[in-house]
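S.K.: Chains as they are written, first to last, in my numbering: chain A, 26 to 446; chain B, 26 to 446.
Treat the hints with care, since some could be wrong.
Chain copies aren't distinguished; within one or between two, either way the pair holds.
[Stated by the list, open to error] Heads up, simulated DSS-like pairs for lysine-lysine below, C-alpha to C-alpha not over 27 Å straight-line: (1) K288 <-> K60; (2) K288 <-> K72; (3) K172 <-> K221; (4) K201 <-> K411; (5) K321 <-> K142; (6) K411 <-> K137; (7) K288 <-> K195; (8) K201 <-> K67; (9) K411 <-> K178; (10) K72 <-> K201; (11) K411 <-> K72; (12) K195 <-> K411; (13) K137 <-> K67; (14) K321 <-> K72; (15) K288 <-> K142; (16) K221 <-> K178; (17) K288 <-> K137; (18) K195 <-> K172.
If you are wondering where the hints come from, they were derived from the structure by calculation, not from laboratory data.
Note that the structure is a prediction, hence the values are computed from the model and not measured.
Chain residues, written in single-letter form:
Number of protein chains: 2
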Amino acid sequence: MKDHHHNETHGAGAKAHGSGMKPLKTLISLEEGLKILLSLAKPIERKEIVPLQEAHGRVLARDVLAEMDVPPFPRAAMDGYAVLAEDTFPAGTFTPVTLELVEVIHAGELAKEQVRKGICIQIATGCPIPEGTDAVVMVEDTEAEGKAIRVYKPVYPRQNVSPQGQDISKRTVILKEGMLLSPGRIGVLAALGIQKVEVYQKPRVAVIPSGNEIVPLGESLSPGKIYDVNSYTLSTLIEEHGGIPTIFPIMEDTLEAVHRTVKEALAYDLVVLSGGSSVGERDVMVQAIEAMGEVKFHGIAVKPGKPTLCGLVEGRLIIGMPGYPTSCLTNGYGFLVPVLRKVARLPERRSSPIRLPLSRRVVSTIGRHQYLPVRIEDGEAVPAFKESGAITSMALADGWVEIPANVDLVERGEVVEVHLF
Amino acid sequence: MKDHHHNETHGAGAKAHGSGMKPLKTLISLEEGLKILLSLAKPIERKEIVPLQEAHGRVLARDVLAEMDVPPFPRAAMDGYAVLAEDTFPAGTFTPVTLELVEVIHAGELAKEQVRKGICIQIATGCPIPEGTDAVVMVEDTEAEGKAIRVYKPVYPRQNVSPQGQDISKRTVILKEGMLLSPGRIGVLAALGIQKVEVYQKPRVAVIPSGNEIVPLGESLSPGKIYDVNSYTLSTLIEEHGGIPTIFPIMEDTLEAVHRTVKEALAYDLVVLSGGSSVGERDVMVQAIEAMGEVKFHGIAVKPGKPTLCGLVEGRLIIGMPGYPTSCLTNGYGFLVPVLRKVARLPERRSSPIRLPLSRRVVSTIGRHQYLPVRIEDGEAVPAFKESGAITSMALADGWVEIPANVDLVERGEVVEVHLF
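So here's chain A without its partners, still in its complex pose (with noise of 0.2 Å):
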């Protein structure tokens, strides 16, 4: 496992004896390719309304400003009676001040009574506090005996009275613009009684699987031929992180086919190749993206994944996978998610890893990240890494450990950090 230059090809297919299989020589770090990715990813600007079932997950795309005050009305923070403060000034733990009941009101009701000195209002938390009325006493600090209400401890004006706007007052800017639509923000959309929102359209991705190889399922398979795997798996991680996939027939590894391939898909908004950006075939894939834009980088020193071509071309981020199915999985996590969600404008995924003992020592190669696939078991991180061509490799792991460039070795039980899928 020393040397990874030819082994990550999918179908590879050398179009020339010699010349055609050269090794990948301008590698760059990880840390760099992602830098270039995520510099030219850029964040929508097409918006669309949708209704408020469906905002979840959605990122806004105007600020919201409330019309409205929430609560509309000062309310009730507690149960019990709504009075004049001034009223119960004199009350005390001996010395009770005795109010009329007039009135009860339920959730919903506005009271009907005119309020006058000397008088109480049954109310319940979350009811409009009845106008005249300045405060509530807690039905604890009380004793009814029918009619007559007695308060044994004062209030000041405004004690348990929610006032109006207190969650959210009329005239703020209450969400803002590029915020993501949780359940809580739908939650204030709800509040003010808002039924569509604006949002940023999620971005429509082109994945163009590619190989001779690869048939497309559905199909059955003649000798030599394998089903296309990648274009499931990085549209299932598409959709996961807020783009919309498109699948495009399997691409021919022509100069002619990667051509007319990749100018029909400059329509999306991020391009995703998979297979034929590796060194086998690299003529077709770099010299079509060269001779409609340019090639920014091809092949990162990270293990597996390494023949990854990152081009632009008409201002469209055109992103080359490698088509080992591991490799193109791991570089789906490592590379295409950041930037999708870049251009999605999602957060950054902020879930932090966790931190397990590894089951084994793993052997890695000085000079090259390595995303090592895990699964956990028993409170343990235990390799579960094939080889690049198994895609059990990472269907039967739970998050992959990144062993970083300038580590050759991690000790069995050295704890390392697991981040999930």
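Dock chain B against chain A, hints included.
M.R.: Leaving out everything else, chain B in the frame of chain A:
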């Protein structure tokens, strides 16, 4: 803020003077409450078949047996030359063996040439090993001169060959019933050519708002009324955790209405009521559920969110949530999410909390577990709680901190665990 007995009803509406306003008496602990709820939550049994592209995030309802080998043929693990290993045994750095190049095969192609001693076939990673050859010499260990390929290093049989079925071998159970379909697992299904998959149905959840002061979105607010917030926060949370919410019309605060509505909701997998489970109107909700089945508990020692109700009617779990938006939503995260995930057969949320210092001292109540919404700002957890009725407490927070029942004070700068929303 010492006594919260009465401030968590959302439009209580005390039914009778005095007797209707008893505080909750039989509080149980958070742990006990959650244990009871989880013991009553029944994992869904209904299954359905979905296309692979819609299978993401779903839970497998049966084991997946591989009906083919992956790879379906032995393939080259390197770019190079397929050979008969024994032809290369004499090779050395200064004594190359020269083989005749008889064919070049590209991705997806099969060799046509008859293999015999002394020949080799140029091959790319992923290509099927030509019949009759048994190893691949890496291109780096060779030199080409026209049709003459000089091999400088011997290979042993099967070297640089990935055997048929290496990743997935035919007739093994490769994915198990109950597994969550992640991008990697979707990839396994694709590799096997599987286009449809049997998964558990998503639980259907009845979301029933109540409270006479509550008005559905789209209607105008008359004085004393407020918009329905909880139906939207809860259904967003339900969707986020694998359920299909159905928002019911706002339920009246009468025995007959609760009876009729709960009866209708028994057709769902889980029933969530909001509002009407606090002290003011406990009679109606509790009475109705007692009459129809059993009230398992009413009142949890948690802040906010105390007036939480757990009932069981005809085997259906009924969760009564407080009406106040913050209380309702924190309870949604604390109780509804784990219960729903169990019903949906989703694994427990495993992301670990972020550890940050608290930006200011927080006082809590001994005997009540507190959910404290916090914002993350400049590497600190900043308390964001306003009051139970304020939806902005949750909307402008990034997560929550839990303060156990036996803690009454958390000092400024103390490191707390923030659970992200």
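S.K.: Can you tell me if K411 and K178 fall within 27 Å by alpha carbon in one copy, between copies, both or neither?
M.R.: Classified as between: cross-chain Cα gap 26 Å, same-chain 74 Å, threshold 27 Å.
S.K.: Within a copy, between copies, both or neither: which one fits K172 and K221 at a CA-CA cutoff of 27 Å?
M.R.: Classified as neither: same-chain Cα gap 48 Å, cross-chain 70 Å, threshold 27 Å.
S.K.: Have a look at K288 and K142 and pick one of within, between, both or neither, based on CA distance no larger than 27 Å.
M.R.: For K288 and K142, neither the intra-copy (80 Å) nor the inter-copy (47 Å) Cα distance is at most 27 Å.
S.K.: Treating 27 Å as the Cα threshold, decide for K195 and K411: within, between, both or neither.
M.R.: Result: close only across copies, 17 Å inter versus 59 Å intra.
S.K.: Between the shortest in-copy and the shortest cross-copy C-alpha distance, which are at most 27 Å for K288 and K60: within, between, both, or neither?
M.R.: within (25 Å within a copy, 57 Å between copies)
S.K.: How would you classify K411 and K72 at a CA-CA limit of 27 Å: within, between, both, or neither?
M.R.: neither (43 Å within a copy, 32 Å between copies)
S.K.: Between K137 and K67, at a C-alpha cutoff of 27 Å, which is it: within one copy, between copies, both, or neither?
M.R.: neither (59 Å within a copy, 48 Å between copies)
S.K.: Using 27 Å as the alpha-carbon threshold, which applies to K288 and K137: within, between, both, or neither?
M.R.: neither (71 Å within a copy, 36 Å between copies)
S.K.: Between copies, within a copy, both or neither: which fits K72 and K201 at Cα up to 27 Å?
M.R.: So K72 and K201 pass the 27 Å test inside one copy only (15 Å; across, 41 Å).
S.K.: 27 Å Cα cut-off: does K288 pair with K195 within a copy, between copies, both or neither?
M.R.: Close neither inside one copy (49 Å) nor across copies (40 Å); limit 27 Å.
S.K.: Give the relationship of K201 and K411 under a CA distance limit of 27 Å: within one copy only, between copies only, both, or neither.
M.R.: between (46 Å within a copy, 19 Å between copies)
S.K.: Could you place K288 and K72 in one of the four classes (within, between, both, neither) given a Cα distance threshold of 27 Å?
M.R.: within (24 Å within a copy, 42 Å between copies)
Hint compliance for this structure: hints 3, 5, 6, 7, 11, 13, 14, 15, 16, 17, 18 are not met, and every other hint is.
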